[in-house]
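**Q** Using the sequences provided together with the hints, build the complete structure.
Residue strings, one per chain:
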Amino acid sequence: MATENQYLNPRQWVEAHADYLYGYTLSRLNDEEQAKDLVQETFLAALEKVDKFEGKSSERTWLTAILKNKIIDVYRKRSSGLRKVETLAAEEEQRDFFEDDNGHWTKTHAPQPFGIEDHDPLVGKEFNGILQKCMQKLPALWMAIFTMKHMDDATTDVICSELNVTQANFWVIIHRAKLNLRACLQKNWI
Amino acid sequence: MSPLKHIIYNCKQATLLIEKRQFKKLSFREFVELRIHLAGCSVCTLYNKQSQVIHQMMLQLFHDSMQTTGVHLDTGYKQDLQIRIEKELNK
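First to last, the sequence lines map onto chains A and B. Counting in the working numbering, the first sequence runs from 818 upward without gaps. Counting in the working numbering, the second sequence runs from 1200 upward without gaps.
Just so you know, the hints here were simulated from the structure itself, not pulled from any lab data.
Within a straight-line C-alpha distance of at most 20 Å, the following computed SDA-like cross-link-like pairs (lysine to any residue) qualify:
#, chain 1, residue 1, chain 2, residue 2
1, A, Lys966, B, Asp1263
2, A, Lys966, B, Lys1224
3, A, Lys853, B, Asp1273
Partial list, derived from the structure: chain A residues whose beta carbon lies under 7 Å from chain B:
#, residue
4, Val831
5, Gln857
6, Gly920
7, His921
8, Trp922
9, Met968
10, Arg999
The C-beta atom is built at its ideal place from N, Cα and C for all residues, glycine as well.
**A** What follows is the structure, given as structure tokens:
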């Protein structure tokens, strides 16, 4: 990529970066049509700011940064409208995980061993499939926070301000998302 | 109930700390509380194990999806994109 430094070559963008940007989006949004649209939007937005490119990063890094903002916009949109209904349903799901009075696991929802504890690489593939399905059941906002935190190693501050949640709420959401995810795995894997 | 007792018997709070710890260093107090809880709670010990494995798998999953060269935009779409870009450049 060294040769790409310092200058932009828009005529080569599709050839050089389209697949990469598409894969990047797909792994974060899981929607082919939307991913295609975002790749196009990224190129068009980039064309408009070509003169703002300072050559401090590689062309690909620069394009990815533009794309990343667009993905966050999608997260924001996805989680705003349905936020309440969806989140309430997901919260409802875990309401009886713990006893109300003392916070103990309830008998019916306590974690049980399900054979991943020692991380057997052989179960990996099939298990990953279930993991992905379970992730898609999470409310959009939880999913967005979870994805940003695991994938891009974004700092908590950035995620909180981008998605408009407080720090305290951030950890509550990470916790809730993981509780539902683990429960979903237990239900579907054993 | 003292705050210490609160966490020692509270799995909900303990699992929150387990999640937090995967991204952030716990405060000394939180660290001690969690240790005490885990020493006496086999269910949360199991949760802790599973949670970490899931965490690793998620990192792996996202990492892999970035590596896969299997993802390609279809050629037609790319051609359209190319034309679109040329058009913008020639404006």
